[in-house]
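*Asks:* Just so you know, the sequences run in chain order A and B.
Going by the working numbering, the first sequence wraps up at 86, each residue one higher than the last.
Going by the working numbering, the second sequence wraps up at 86, each residue one higher than the last.
Hints were generated in silico from the structure; no laboratory data involved.
Don't take each hint at face value.
Identical copies carry no separate label here, and so any pair may be met within one copy or between two of them.
[What the hints assert, rightly or not] 27 Å max Cα-Cα, derived DSS-like pairs, lysine-lysine:
(1) K7 / K24
(2) K13 / K73
(3) K13 / K24
(4) K42 / K7
(5) K24 / K81
(6) K80 / K13
(7) K24 / K80
(8) K73 / K7
(9) K42 / K13
(10) K72 / K82
(11) K72 / K42
(12) K53 / K13
(13) K53 / K42
(14) K72 / K24
These figures come from a predicted structure and were not determined experimentally.
Number of protein chains: 2
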Amino acid sequence: MGEEVGKRRTTVKINGQNYVIAGKADVSHIHEVANFVDQKMKEMRRINPYLDKTQLAVLTAVNISDEFLRLKKQIGQESKKKDGEN
Amino acid sequence: MGEEVGKRRTTVKINGQNYVIAGKADVSHIHEVANFVDQKMKEMRRINPYLDKTQLAVLTAVNISDEFLRLKKQIGQESKKKDGEN
Numbered sequence: 001m002g003e004e005v006g007k008r009r010t011t012v013k014i015n016g017q018n019y020v021i022a023g024k025a026d027v028s029h030i031h032e033v034a035n036f037v038d039q040k041m042k043e044m045r046r047i048n049p050y051l052d053k054t055q056l057a058v059l060t061a062v063n064i065s066d067e068f069l070r071l072k073k074q075i076g077q078e079s080k081k082k083d084g085e086n
Numbered sequence: 001m002g003e004e005v006g007k008r009r010t011t012v013k014i015n016g017q018n019y020v021i022a023g024k025a026d027v028s029h030i031h032e033v034a035n036f037v038d039q040k041m042k043e044m045r046r047i048n049p050y051l052d053k054t055q056l057a058v059l060t061a062v063n064i065s066d067e068f069l070r071l072k073k074q075i076g077q078e079s080k081k082k083d084g085e086n
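Build out the structure end to end from the sequences listed, making use of the hints.
*Replies:* As structure tokens, this is what we get:
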């Protein structure tokens with residue numbers, strides 16, 4: 001995010017609103033990430049239709065972080081297991 | 001999320017607002033996830049103080065998803081590399 005020199009600016013639509021994402025990442029990666037968040041927000045809205053936009057976005061961030069931190073823990077455990085084998 | 005039978009309900013505070021998280025996960029894991037999102041939102045607000053609460057939460061979800069999808073790709077590549085070695 002931001003407007004630093006050398007960064008590409010890509011516009012994506014998430015939950016019906018446009019966001020400008022600035023960064024050095026591939027445009028295709030940025031669209032993949034935006035679509036991922038948009039899908040996760042749709043799923044969350046389907047389960048909890050009474051949430052306002054902010055709650056929806058925060059709880060989507062919580063669900064994605066849950067998956068992310070579980071994956072990181074799993075990698076940590078596998079790496080420890082490997083170290084034990086060597 | 002939700003109020004299904006057999007699920008624990010844990011209240012967490014993210015960006016100054018309380019959220020009730022329902023699920024079978026450990027309470028300590030739920031607090032870890034909530035703190036992670038809260039910290040990421042604080043970082044995002046520091047860099048982009050002009051964002052409203054919804055934009056802040058959506059762009060935080062985008063940043064976390066960026067890290068998550070990069071990690072998943074990296075694991076996929078390492079797994080392919082291993083398959084090639086065997």
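*Asks:* At most 27 Å between CA atoms: does that hold for K42 and K7 within a copy, between copies, both, or neither?
*Replies:* Between copies only: 23 Å across chains, 29 Å inside a chain, cut-off 27 Å.
*Asks:* How would you label the pair K42, K13 (within, between, both, or neither) given a Cα cut-off of 27 Å?
*Replies:* Both, since 13 Å and 23 Å are each at most 27 Å.
*Asks:* As a check of your reading, is K24 near K81 (CA-CA no more than 27 Å) within one copy, between copies, both or neither?
*Replies:* between (35 Å within a copy, 26 Å between copies)
*Asks:* Have a look at K7 and K24 and pick one of within, between, both or neither, based on CA distance no larger than 27 Å.
*Replies:* within (5 Å within a copy, 42 Å between copies)
*Asks:* If the cutoff is 27 Å on CA atoms, where do K24 and K80 land: within, between, both or neither? Let me know, please.
*Replies:* between (33 Å within a copy, 26 Å between copies)
*Asks:* Given a CA cutoff of 27 Å, do K53 and K13 count as a within-copy pair, a between-copy pair, both, or neither?
*Replies:* Classified as both: same-chain Cα gap 14 Å, cross-chain 17 Å, threshold 27 Å.
*Asks:* How would you label the pair K13, K24 (within, between, both, or neither) given a Cα cut-off of 27 Å?
*Replies:* Classified as within; 19 Å inside a copy, 33 Å across copies.
*Asks:* For K13 and K73, with the copy left unspecified, which applies at a CA distance of at most 27 Å: within, between, both, or neither?
*Replies:* between (31 Å within a copy, 23 Å between copies)
*Asks:* 27 Å Cα cut-off: does K53 pair with K42 within a copy, between copies, both or neither?
*Replies:* Both ways: K53 and K42 sit 11 Å apart in one copy and 19 Å across, limit 27 Å.
*Asks:* If the cutoff is 27 Å on CA atoms, where do K73 and K7 land: within, between, both or neither? Let me know, please.
*Replies:* between (32 Å within a copy, 22 Å between copies)
*Asks:* At 27 Å max between alpha carbons, let me know whether K72 reaches K82 within a copy, between copies, both or neither.
*Replies:* This pair counts as both: shortest intra-copy Cα distance 15 Å, inter-copy 19 Å.
*Asks:* Regarding K72 and K42, is the shortest C-alpha distance of 27 Å or less found within a copy, between copies, in both, or in neither?
*Replies:* both (25 Å within a copy, 22 Å between copies)
The structure fails hint 6 only (numbered hints given earlier).
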